[in-house]
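Novice: Chain X: place on chain L using the hints.
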Amino acid sequence: MYKVAVLGDRDSIYGFAAIGLDTYPVDNTTEAAKKLKELADGRYAVIYITEGLQAELETEIDNYISSQLPAIIPIPGISGNTGRGMRNVKKSVERAVGSDIIFNND
Amino acid sequence: MANTQVNPTRMELTRLKKKLATATRGHKLLKDKRDELMRRFLDMVRENKSLREKVEAGIHAANKNFVLARSVMVDEILNVSLMAPRQEVYLDTYTKNVMSVDIPEFEYKTKTPDENDIYPYGYAFTSSDLDDAVKSLANILPDMLKLAEVEKSCQLMAAEIEKTRRRVNALEHVMIPDMQQKIKYIVMKLDENERSTQIRLMKVKDMMLEAAHNYSEKYGR
Chain L
1 MYKVAVLGDR DSIYGFAAIG LDTYPVDNTT EAAKKLKELA DGRYAVIYIT EGLQAELETE
61 IDNYISSQLP AIIPIPGISG NTGRGMRNVK KSVERAVGSD IIFNND
Chain X
1 MANTQVNPTR MELTRLKKKL ATATRGHKLL KDKRDELMRR FLDMVRENKS LREKVEAGIH
61 AANKNFVLAR SVMVDEILNV SLMAPRQEVY LDTYTKNVMS VDIPEFEYKT KTPDENDIYP
121 YGYAFTSSDL DDAVKSLANI LPDMLKLAEV EKSCQLMAAE IEKTRRRVNA LEHVMIPDMQ
181 QKIKYIVMKL DENERSTQIR LMKVKDMMLE AAHNYSEKYG R
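Residue numbers (this note's numbering), protein chains in the order written: chain L, 1 to 106; chain X, 1 to 221.
With the rest of the complex left out, here is chain L (with noise of 0.2 Å):
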């Protein structure tokens, strides 16, 4: 039975404890990326992650994408929509495909 993790400054997350998601608020990017780390390890299917620390976590996240658990999720957080959700959705077309031929490069 796995659960469900989100991971990112508290402001942005602290809503999802009570929809009963495990929150983990971490302040600092050597802090997130050891209970990334701890968590990918351990009883999280899915960890949702805010766009700020993805993208400073990206080599950390790369490790699993080609796991099949646990999946890393990019949502937006307190601050805003920055994009990088989407933009990670783009670079697996480019992947795959060669170029990007869903989102015409908007």
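Heads up, some of the hints might be wrong.
A partial selection of chain X residues facing chain L, derived with a Cβ cut-off under 7 Å [said to hold, decoys possible]:
(1) Asn-48
(2) Lys-49
(3) Ile-59
(4) Asn-63
(5) Phe-66
(6) Gln-87
(7) Val-89
(8) Leu-91
(9) Cys-154
(10) Gln-155
(11) Ala-158
Hints in this document: simulated from the structure, not taken from any laboratory.
These numbers were taken from a predicted model, which means no experiment stands behind them.
Even glycine gets a Cβ: it sits at the ideal position worked out from N, Cα and C.
Specialist: For chain X alone, coordinates are given in the frame of chain L:
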């Protein structure tokens, strides 16, 4: 390619021909796999895109509600209200095999089955904005989990497509032409050998006839 050494023997020729047949068949199969994977991937990526738009909009709206709630409530009370969640989400994961890619499928269970029974606080000290905020987050949870499933699948499929594409290209542009060239070389070499043997035999026959009958003396050649 041609400069790699190859033995011009019949055995080598048979071996290469068999290898070429396998490579051609493998190329065709891999190409089919790539096309089908691509078709499914494109469907899935479109779904991914629309789900992500929906989830991002939902989270944005929920965040707005939370900011509102925070502005009308004392921080301590807000923290205490969300301190002990009543709801918990569990995931069961299954794998589905799509063209040899194992993609995950999630099935989620919540601790309290009643979706209106999620508020982990009494209503006495909290503002109704907090209720709205929690509700709006709870509403997008199914979509968020679906997004996780689809996005992970997309990543896995993209990796597989890339791999398959490389294989197809390697077979099509390197392996198969290379083998065809080697086969051509061997066939030409063998033909050439055969011709030279034939000529040698004809020459020997001429010489033997000459020795036996002395044609050139008789007919003044």
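Novice: Which of the numbered hints are not met once you compare them with the structure shown?
Specialist: Hints that this structure does not satisfy do not exist here, as all of them hold.
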